[in-house]
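Assemble chain V onto chain Z, guided by the hints.
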Amino acid sequence: MSTTSHFTRRGFLLGATALGTGGLLTACIGSGGGSDDETGGSGDDGSSGAGAAVTLQSSLSDPAPKAALEQVVAAYDGDVTLNTVAIEQFRAQLSTYLTSNNPPDVLTWYAGSVARDYAAEGLLLDVSDLWTGDGACAGFSEALKSLSTAEDGTQIFVPTNYYWWSIFYKKSAFEQWGVSVPETWDDFLALCETLKGQGVSPLANGIGSTPWMASGWFDYLNLRINGATYHRELLAGEHAFTDPEVEAVLTEYAKLIPYFDPNMASYSHQEAVTPMIQNSSAMYLIGAFVTQFFPEDQQDDIDFFSVPPINEDVPSAEEAPTDGYFASANTANLEGTKALLSYLASAEAQQQFISESASSNLPTSPDVDSSGFTPLVQKGIELLENTEEITQFFNRDSSDALQSTADDALTRFLADPSDIPGILAGWQAAAEQVWNQ
Amino acid sequence: MLRRVPWVVWLFLLIPLAAEVFWVFWPALNSFSLSLTRWNGIGAAEPVGLGNYVDLWNDPIFRTALRNNVIWVVGFGGLSVLGGLTLAVLLNRPGRGIGIYRSAIYLPMVFSLAVTGLFWRVMYQPAGLVNTALGAVGLGSWERQWLADPDVALYAVLIAAVWRQVGYIMVLYLAGLKGVDPALEEAAAMDGANRRQRFFSIVMPQLRGVNAVVFAVTVIDSLRTFDIVWAMTRGGPYNSTQLLSTYMFEQGFTLVNLGYGSAIAVVIFALAIVFIITYLVRSIRQED
Chain Z
202 MSTTSHFTRR GFLLGATALG TGGLLTACIG SGGGSDDETG GSGDDGSSGA
252 GAAVTLQSSL SDPAPKAALE QVVAAYDGDV TLNTVAIEQF RAQLSTYLTS
302 NNPPDVLTWY AGSVARDYAA EGLLLDVSDL WTGDGACAGF SEALKSLSTA
352 EDGTQIFVPT NYYWWSIFYK KSAFEQWGVS VPETWDDFLA LCETLKGQGV
402 SPLANGIGST PWMASGWFDY LNLRINGATY HRELLAGEHA FTDPEVEAVL
452 TEYAKLIPYF DPNMASYSHQ EAVTPMIQNS SAMYLIGAFV TQFFPEDQQD
502 DIDFFSVPPI NEDVPSAEEA PTDGYFASAN TANLEGTKAL LSYLASAEAQ
552 QQFISESASS NLPTSPDVDS SGFTPLVQKG IELLENTEEI TQFFNRDSSD
602 ALQSTADDAL TRFLADPSDI PGILAGWQAA AEQVWNQ
Chain V
155 MLRRVPWVVW LFLLIPLAAE VFWVFWPALN SFSLSLTRWN GIGAAEPVGL
205 GNYVDLWNDP IFRTALRNNV IWVVGFGGLS VLGGLTLAVL LNRPGRGIGI
255 YRSAIYLPMV FSLAVTGLFW RVMYQPAGLV NTALGAVGLG SWERQWLADP
305 DVALYAVLIA AVWRQVGYIM VLYLAGLKGV DPALEEAAAM DGANRRQRFF
355 SIVMPQLRGV NAVVFAVTVI DSLRTFDIVW AMTRGGPYNS TQLLSTYMFE
405 QGFTLVNLGY GSAIAVVIFA LAIVFIITYL VRSIRQED
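These protein sequence lines map, in sequence, to chains Z and V.
Note that the first sequence covers residues 202 to 638 in my numbering.
Note that the second sequence covers residues 155 to 442 in my numbering.
Please keep in mind that the hints were generated in silico from the structure rather than gathered at the bench.
As the structure is a prediction and not an experimental result, all values here were calculated from the model.
Possibly wrong hints are sitting among the right ones.
[What the hints assert, rightly or not] Incomplete in silico selection of chain V near chain Z, CB under 7 Å:
hint : residue
1    : Y255
2    : A258
3    : I259
[Stated by the list, open to error] Okay, the calculated bits of chain V under chain Z, using three or more residues with CB under 8 Å as the criterion:
hint : stretch
4    : 192 to 199
5    : 218 to 228
6    : 401 to 409
Glycine included, each C-beta is placed from N, C-alpha and C at the ideal position.
Just chain Z, with the same shape it has in the complex (with noise of 0.2 Å):
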């Protein structure tokens, strides 16, 4: 063969690019500008054949959650499949889940502006028959219907737990400092000031890999600046990150700067909590989640109060993320779905999960006997029960994609705090750009 072909490797090539792009141009015309084709298919991964088993696509994957949450399934007498996803994973293939020929039925997520935006397309399932009459969903508190009400006054989603923010600290080390909890926001500066004073960390923060933690206290002071309504018009684009009561938060916030860890920059919210395991950082502003890094020993040991009113004008507000399940519209098992989900909010399922899961999540069936719960949980629970606003966090009120703007922001911000309005016009810019998509 190597005598009769005489052709060169240039030759080769020449022949072959003519063949590539003589595919490429025939294949450009072929597509049509049809990129709708593509939103079918690809997310059938775990989906169940018709109305035999019910799907439930979990994005629980840290360890204690998962094995609860298939604790609860193993509970359950129906027939269902259970895929856990990385959340990252699960975040970024969300929407092609629920635009599938074949989507999984039940799917875990956050209530908020996310669901509200998924039912907007109409790929929610209407689970308004749940909460009304002998629902399951009936008897939850009305704050929590109207935070599972999309934009056409029907529910599209079923909380399950919740947790709140608060600034942790443990008892023995403030006893150890003899310092108290504040009461008011200057005892609060006060208080910092003494414990910096004792060559300790007053505030843990960790905004290495997690720079929304960041939003954490700027949520916080905004609602205790300007308030609970005005954060929210914020978030949805209503006002600029350029106005006076914005530029106001971050003068507050600025007081804290000296106050924190100065290592926050390189910690993840997880790394933080270990220098005040460690008794060199003191309080710590986060979700209640922060109870499962602590060693079992110190578990209670740990308590929290929440950030001290700084406006009085202003309603008292705390941060209550909400997690739940939200059902595919397009589900080939309409019956199963609504009872797997009916079951996910009975008392006996949240009252496990929660137990199982060693978190400090609350549940939102007022039917659970909250007795056995910790005494730090019962603190949680009468703290959100008395206050006047609810909110989520800054990503759940707004979007991933305004939370993106935020990272940048205040991370730059809290690295170098002199030039506030700077930072505000780069990210009223950054945030105009995600408020036009």
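Relative to the frame of chain Z, chain V by itself:
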């Protein structure tokens, strides 16, 4: 001339070509058409013409990513080639335990980039090995939060990537050095050439083939770098270590701006193709 090629050969060529067109060119083309739209994965894509590219040009993060990519290609390419070549020359001699040195230096290449990233993240911790070592040798003033300081974070990641790549480049050069004719070097030594002259005038020209391979490998590796940055900084602090690839991933898959993400992918593709075509043209010329 082409007519003399048996038809069976064409058949065998067509099968992989068809697979390539369907699995590589077709999705790539879809990515092009997607880059002219705004699409969040739900419903129909909204055509926006070249809007995404205009936005890219005005996007400060994209410009940072582009600048970082240039730093990356130069730094990653320069350091790993320099290190790899030096090590290859030093270790290209028989001796006791030389094999152990070679394998030890090649070893990091065995780990995935994600593992390398996690490993270095631990080293760069505020109280980690790097800072402890600096403090121990009296360079305490050099200690910093390596991955949290925007002035040094990109270079800290770069060092980790070079640490892994050096062994690979070393092996390529070691293979090349085996093909160098020792007689030529001896003759030059006889003629009074010093070590430096012998290396640059006798050895290097004979490594031309290897150099071309190393160049291509390095450029392609540095343009597609993603995992190590993602594992170590995720593009932070405040987007200062963002590369084109990580920014594309964030836009496309974390924020599900598929159109905008595709536009970044097209830019990466355009940059890569420029280098690859230059390389192909050069190597074909040399062969003819």
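Here is how each hint holds up against the structure:
Given the 7 Å rule on beta carbons, the hint for Y255/V is violated: about 33 Å separates it from the nearest Cβ of chain Z. A distance limit of 7 Å between C-beta atoms decides the matter here; for A258/V the minimum to chain Z is near 29 Å, and the interface restraint is violated. Annotation: I259/V was flagged as interfacial toward chain Z, and the flag is violated, the nearest CB pair being 29 Å apart, outside 7 Å. For a cut-off of 8 Å, the count of residues in the stretch 192 to 199 of chain V with a CB near a CB of chain Z stands at 8, and the three-residue condition holds.
Counting residues of the stretch 218 to 228 of chain V whose CB falls under 8 Å from any CB of chain Z gives 0; the rule of at least 3 is not met. Evaluation of the coverage hint for the stretch 401 to 409 of chain V: fulfilled, as 4 residues show C-beta separations to chain Z shorter than 8 Å, against a requirement of three.
When each numbered hint is compared with the structure, violations occur for hints 1, 2, 3, 5.
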